[in-house]
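Number of protein chains: 4
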Amino acid sequence: MTTVLVSFSTTFGTTEKIARAIAEGAGMVEDTSVSLRPAADTTAEDCLGADALIFGSPVHMGSVDWQMKKLIDTVCAWQWGPNQLVGKVGAVFASSSGIGNAGSGAELTMLALMAHFAEQGMILVPLPKNTPGYLTNGLHWGPTAITGEEEGRPVGVPDDQLLVARHHGMNVARVAAAVAGKRLLNP
Amino acid sequence: MTTVLVSFSTTFGTTEKIARAIAEGAGMVEDTSVSLRPAADTTAEDCLGADALIFGSPVHMGSVDWQMKKLIDTVCAWQWGPNQLVGKVGAVFASSSGIGNAGSGAELTMLALMAHFAEQGMILVPLPKNTPGYLTNGLHWGPTAITGEEEGRPVGVPDDQLLVARHHGMNVARVAAAVAGKRLLNP
Amino acid sequence: MTTVLVSFSTTFGTTEKIARAIAEGAGMVEDTSVSLRPAADTTAEDCLGADALIFGSPVHMGSVDWQMKKLIDTVCAWQWGPNQLVGKVGAVFASSSGIGNAGSGAELTMLALMAHFAEQGMILVPLPKNTPGYLTNGLHWGPTAITGEEEGRPVGVPDDQLLVARHHGMNVARVAAAVAGKRLLNP
Amino acid sequence: MTTVLVSFSTTFGTTEKIARAIAEGAGMVEDTSVSLRPAADTTAEDCLGADALIFGSPVHMGSVDWQMKKLIDTVCAWQWGPNQLVGKVGAVFASSSGIGNAGSGAELTMLALMAHFAEQGMILVPLPKNTPGYLTNGLHWGPTAITGEEEGRPVGVPDDQLLVARHHGMNVARVAAAVAGKRLLNP
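Residue numbers (the numbering used here), protein chains in the order written: chain A, 1043 to 1229; chain B, 1043 to 1229; chain C, 1043 to 1229; chain D, 1043 to 1229.
Chain A extracted, bound-state conformation (with noise of 0.2 Å):
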């Protein structure tokens, strides 16, 4: 059994409906139980449990959400000492604004959650061009869904956002299993 642990924060329910899906997709994966967690609400245990773990967080100006930052910096720091999340599975995504049209901020968003796995000594894995939805939702570190369009108006989740973060999240738990248990990168 491979184990996925998926954490976001959320602003307006966009980051919570792509980890919905994320998680969804993970689970569809034969053999893999799926965690779904609000950063507030994760524990040591359950990163610790886990195989792979994938984090997202809403851009906020520029930048990760403090609130998952805050999980990251109070909870999984602890497991950075002793080296205990090493060798597991890290992936990432993102939901932004849709202003100025180039993804306001996602890719440095997206690389301190990949930086806070790598500090962790985690196999990363990011998002392939031809993953089934990638092409309107997509940077090559994960997944990035709009919340709003370039004049800041709310809109919905299209059902390719949703595509993207399902196959996301199965690739993901198929690394993982491959991986998992195996101590590759231990000394």
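Be aware that one or more of the hints could be misleading.
Same chains, same label: a pair holds when it works inside one copy or across any pair of copies.
Said to hold, decoys possible - Cut-off 30 Å, straight-line C-alpha distance, at most; resulting in silico cross-link-like pairs (DSSO-like, lysine-lysine):
1) Lys1059 x Lys1112
2) Lys1224 x Lys1171
3) Lys1059 x Lys1171
What the hints contain is simulated information worked out from the structure, not anything from laboratory work.
Note that the structure is a prediction, hence the values are computed from the model and not measured.
Using the hints, position chains B, C and D against chain A.
Relative to the frame of chain A, chains B, C and D by itself:
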């Protein structure tokens, strides 16, 4: 007289069109002289003689185009040792495909260009959200043109892309006029 | 009178010491008034009233500390909508462990802080290489103090860390004096 | 048989020494075949034939060396369109001067290399903190050699730099063996 250098590399001509609009905007500011140069033809003298440098690149594989980087590594790098560009003004722009609908790597591309200007000790001018044309053509780091839609087919350069580019040029020229020759960053 | 706000979060006190040295440097520039605030006590009025904002953070898990990000997301973000900080001056600093001997994530940490200032449309002041004290205590984005050596044991704050910090404060205050009130980036 | 390609550009030879140590480490993993190539001599066939790609670059002006970027833009980019590298394994390394004592831009340099691999849809292997030699020679993104001290004078390549490099090669080869040929990221 304030002098502004706009340098660019281009693949299909979009980055050049944006570069021309930036140069045009800079030239609209009183007492400003502007040079427009392809990266391959930009010289050390061009850089030394300018009060502001504005560099732009297409996004290639998630980062700056090699031809623009060659200019930086083989021409500009020699001005870093003797601190010759310290206190000048720098700004950036990029053009990317529309694939993914989230910038396609425009952010790291512009940050690579910004990193060079920061290494040179230059004052950096980003792109404020209230700049005309920003809402459909920008990141906070600079204007970002879209060269193709999500399937990769070429798109033209719409008027508001040229509008935001012209205003970026004006912004940079005005900042350069305010700080040129004042040696604000020299100990 | 130019006004400078220095805001910081701190874990063991090193970031605060650097913040104090930056504030001290800014205050050495003629006609400059300086405020020094922990992130948790920084108010909207502090930001609105300043000509220059200098924000610093320890590096935590490869990115900005959540408490500094909370200031940005819950206080500063409200000034982004109405473009209230456009044209002000911004600069950053960080402190990191010495683990790895290559910055330990100070670069993405400072870029997250820079991203916020870019979102606000602020003029950015990096750290020129010829700044006194740079050679052992800086990145081009800003001063970087080392809080511990490679095994993580705490180190003190050596004189040249304070020296580069003071000069960073002076640089920012001088740039702020040159551009304050000129509305260079407003259309 | 797992195949690993190590490609590098080098200025004074340090990056090449690290590349050799990485290749040596990869070759120490059972059933692994390793190629070592300067960037200028790396071919499309080298990339297509490898299960893992490890690219390294000196830090030049805060970002990746133009010669390594030329390889990426003119050779590897052609494999992006047809998704030929999706699901392979990627890892990076860098060498920088010791100026500033905080990486001198090694982080954005390695992120530019990572961005390419993410664009290609490759599984990314960072550098865990418990890797032997990490404490004086690494960032979480990969090994970082120091080519000169803070005044820029050249330093040799100490044993622990070679040690961390060898282990990075071993890590990557083991991950490649676990995922090669499984098409985990293809829809």
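Against the structure, test the hints numbered earlier, and report the numbers of the ones violated in rising order.
-> Of the numbered hints given earlier, the structure breaks none, since each of them holds.
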